[in-house]
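**Student:** Numbering (the numbering used here), first residue to last: 1182 to 1460.
No lab work stands behind these hints, which were simulated from the structure alone. Among the clues, some could well be false.
[Claimed, not checked] In silico lysine-lysine, DSBU-like type, Cα no more than 30 Å apart, as pairs:
(1) K1431 with K1187
(2) K1431 with K1383
(3) K1355 with K1187
[Claimed, not checked] With beta-carbon atoms standing in for the labels, derived distance ranges:
(4) S1282 with L1413: 29 to 39 Å
(5) E1343 with N1308: 39 to 49 Å
(6) Q1442 with R1367: 16 to 26 Å
(7) P1233 with W1276: 22 to 32 Å
(8) T1386 with P1410: 26 to 36 Å
(9) K1431 with W1276: 29 to 39 Å
(10) L1380 with K1228: 22 to 32 Å
(11) G1229 with A1250: 21 to 31 Å
(12) T1371 with G1324: 16 to 26 Å
(13) Q1432 with H1235: 40 to 50 Å
Every residue, glycine too, gets a C-beta built ideally from N, C-alpha and C.
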Amino acid sequence: MKLAGKRILLTGASGGIGEALAQVLAEQGAILLLHGRRSSALERLRKGLPNPDHHQLLVADLMTATGRAQLLQHPILDEPIDVLINNAGCNEFAWLEDQSSEQVERQLRLNLEAPVQLCRALLPRLNHPGLIMNVGSCFGAIGYPGYSVYCASKFALRGFSESLGRELKDTGVKVIHFAPRATRTRLNSTAAYAMNAELGTKTDTPEVVAEAALQALMREGRNYWLGWPEALFVRLNGLLPALVDRALAKQHAVIARHARQRQPLNTEPKKHQDQGETR
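Make a model of the complete structure from these sequences and hints.
**Tutor:** Below, the structure is given as structure tokens:
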């Protein structure tokens, strides 16, 4: 799809990946509807984009039905959109038993319930042809210790994207599942960064992820797995999961040491949590 002049709703726009994605989309001449929870951050982003007067802001908390209704009732969504990018997300790097019920709920609501509900509500407002991009994760195909709830939400998002794409066959609306690997954003915990460094895990900048997402949108494919060897591990895990079991077993002690660092359980949303890391 050529993006010049297209109206694009981008959730989680003021996070690391979201900011980079907004920049490359605006450079293509897209008209952006920028969603986030902090109006000040969104306004700074808008002013720094090409043609800032072309873009508009949507402030809402997607983790609640009230917040989603606030977004959907905004007058700027009375006009149809061409592309919906479900980019907002969050994660917690911790053993399941060390997470609070609020931390579990937050990941499931923002990573899964919000994009499902937005797709449902916005399908009648999508132009045909139109695109939906659900930003998933390599952990949507590889169950990784320390990310059990995050993996659950991203596995489900991948299944939802596949199913919805098949539902919409021949309607003119395509669904893209875009899955980055580890990305350097300010929302990762210190423990996650330390683990990645010790294991030698490759990470991408938000700018690299945004450029790949842009190419995925323009090519309109179904599934994009970003990064090597992560893309290989995705395929191995589907065909020969025992091989991945053995590979992760070798890393288990390192993962556990970082994931189980004792910190007070935080039941409050993280600051600046408009876009969590995707992997």
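**Student:** Output the numbers, in ascending order, of every earlier hint that fails for this structure.
**Tutor:** Hints 1, 5, 7, 8, 9 and 10 contradicted; others consistent.
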